[in-house]
Amino acid sequence: MYAKVVENIYLLVIVTLISVLQNAFFALKVEKECNNQNVKTSVFERVACANRNCMDAYPTFLAVMWCAGLCLSQAPAAFAGILYLIVRQKYFVGYMGQTSQSTPGYLFGKRMLFFLFLMCVVGIFNYLLTRYYGSDYKEYVETITGAASALLLLP
Amino acid sequence: MYAKVVENIYLLVIVTLISVLQNAFFALKVEKECNNQNVKTSVFERVACANRNCMDAYPTFLAVMWCAGLCLSQAPAAFAGILYLIVRQKYFVGYMGQTSQSTPGYLFGKRMLFFLFLMCVVGIFNYLLTRYYGSDYKEYVETITGAASALLLLP
Amino acid sequence: MYAKVVENIYLLVIVTLISVLQNAFFALKVEKECNNQNVKTSVFERVACANRNCMDAYPTFLAVMWCAGLCLSQAPAAFAGILYLIVRQKYFVGYMGQTSQSTPGYLFGKRMLFFLFLMCVVGIFNYLLTRYYGSDYKEYVETITGAASALLLLP
Chain E
1 MYAKVVENIY LLVIVTLISV LQNAFFALKV EKECNNQNVK TSVFERVACA NRNCMDAYPT
61 FLAVMWCAGL CLSQAPAAFA GILYLIVRQK YFVGYMGQTS QSTPGYLFGK RMLFFLFLMC
121 VVGIFNYLLT RYYGSDYKEY VETITGAASA LLLLP
Chain Z
1 MYAKVVENIY LLVIVTLISV LQNAFFALKV EKECNNQNVK TSVFERVACA NRNCMDAYPT
61 FLAVMWCAGL CLSQAPAAFA GILYLIVRQK YFVGYMGQTS QSTPGYLFGK RMLFFLFLMC
121 VVGIFNYLLT RYYGSDYKEY VETITGAASA LLLLP
Chain S
1 MYAKVVENIY LLVIVTLISV LQNAFFALKV EKECNNQNVK TSVFERVACA NRNCMDAYPT
61 FLAVMWCAGL CLSQAPAAFA GILYLIVRQK YFVGYMGQTS QSTPGYLFGK RMLFFLFLMC
121 VVGIFNYLLT RYYGSDYKEY VETITGAASA LLLLP
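In order, the protein sequence lines correspond to chains E, Z and S.
Letter by letter, the first sequence follows residues 1 to 155 of this note's numbering.
Letter by letter, the second sequence follows residues 1 to 155 of this note's numbering.
Letter by letter, the third sequence follows residues 1 to 155 of this note's numbering.
Just so you know, the hints here were simulated from the structure itself, not pulled from any lab data.
Note that the Cβ used here is the ideal one computed from N, Cα and C, for glycine as well.
Mixed in with the good hints there might be a few duds.
[Unchecked claim] Part of the chain S face toward chain E, derived, beta carbon under 10 Å: (1) 56; (2) 58; (3) 60; (4) 63; (5) 71; (6) 75; (7) 106; (8) 107; (9) 110; (10) 123; (11) 124; (12) 126; (13) 128; (14) 132; (15) 133; (16) 135.
Can you build the whole structure from these sequences, using the hints too?
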């Protein structure tokens, strides 16, 4: 039981752990700016805002990644998760470095989230097909998903 | 293994996907107001505040819904989840449309969350009963829960 | 199937339920201050800020606790979760009671989160060892983790 469960989620757990490390990095940045905020309020505000935008999207990201990993297959989901974390890092750094007139918007990583969302939909759809028509396209779909996840690397 | 797992969670996954779509809708609203915020700051602030209130409660909602679905049965949990999302939509729209003197409060969907919480407690209690006394009331409890979830439709 | 699944997560579910109760307590505090905010704005701001800091860390906490519980063993994970909730309660109350010049920082419960994070890493590492070398140290690791979790009680 134990090994079987972990086998199906260990890549997802690893990505989750990396995202937690990143959260800790963001939080430490906020903590640091919070302590010497008498120097420059605008820097603190920008870091806090970037952190809040990242945290707002975090539960959505976790939910979609885990659903995609459980419903379809974990390797492409974990891969898309890693790419999302890289985009988030760039967003956070970009937000901190920008002068206030051209901060990046509220949303980021839309492509990865959309891909993970699509994986969930395909997984559910495939399950319903299996249940009501008895035709299982899982291996087929998994291959396509694995190949499609490489497209996320396109800039 | 795979089909068995998905069978027990697919309704929860569907509700989660709908909630993700709703999150994206909220985030797009914020993004839109963020870009033309030089027109009216108060509108942006109200949308951002409504979004933040919704996002604050989101992890709690996900956790309770998934626990209720895993510990007891997924159909009533998913049903209560859908009702919660409808209430959240109304709350967000109401927040945006209100003039500032009468915004709806910080909390919403208390009844649905309470119902899901109760489902979790009953599920855990039933598991402990099964374990220590060997008496399984699961089918009985599931029927009652299914019937009770209809009461959530009362205004 | 059902009893087996619940057996492996029921402690985690109980801690999650307690954390949800605590979230509700925090939210009610904010709601209360929100309604009579014309009296003192600073009190409302402090409560809202404490609540936001707690909510920012909440998804991270849930993710780490569940991963640790699923990958290694649930009893130490649930124990560390309970300790985290106690620290969070203290943080919230401390934040409300402080005058503004000496609020506690942005982060709290770092030790518990670090312990849970370590549990995840050890669990994943043990799984990979089991898979590629066939040597399972799970019972051994579980005993050590159970003993180490008592160290968290040190002030």
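Identify whether the interface hint at residue 128(S) stands, where standing means a beta carbon of chain E within less than 10 Å of its own.
holds, 8 Å
Verify the interface restraint on residue 63(S): the C-beta must sit less than 10 Å from at least one C-beta of chain E.
holds, 5 Å
Taking the closest Cβ pair, is residue 135(S) under 10 Å from chain E?
Violated: closest Cβ of chain E sits about 13 Å from residue 135(S), beyond 10 Å.
When the least beta-carbon distance from residue 56(S) to chain E is tested against 10 Å, hint result
holds, 5 Å
Identify whether the interface hint at residue 107(S) stands, where standing means a beta carbon of chain E within less than 10 Å of its own.
Holds, about 5 Å.
Does the interface hint hold: is residue 60(S) within less than 10 Å of chain E, judged Cβ to Cβ?
holds, 5 Å
Taking the closest Cβ pair, is residue 132(S) under 10 Å from chain E?
The hint is violated - residue 132(S) has no Cβ within 10 Å of chain E, the shortest such distance being about 12 Å.
Does the nearest C-beta of chain E fall within a distance shorter than 10 Å of the C-beta of residue 58(S)?
holds, 9 Å
Interface hint for residue 124(S), Cβ within 10 Å of any Cβ on chain E:
holds, 6 Å
Interface hint check: residue 123(S), Cβ to nearest Cβ on chain E, cutoff 10 Å. Holds or violated?
Holds: closest Cβ of chain E sits about 7 Å from residue 123(S), inside 10 Å.
Let me know if the C-beta of residue 71(S) comes in closer than 10 Å to any C-beta of chain E, holds or violated.
holds, 6 Å
Hint validation: residue 133(S) versus chain E, beta carbon distance must be below 10 Å. Holds or violated?
violated, 13 Å
The structure fails to meet hints 6, 14, 15 and 16 from the earlier list, while all remaining hints are met.
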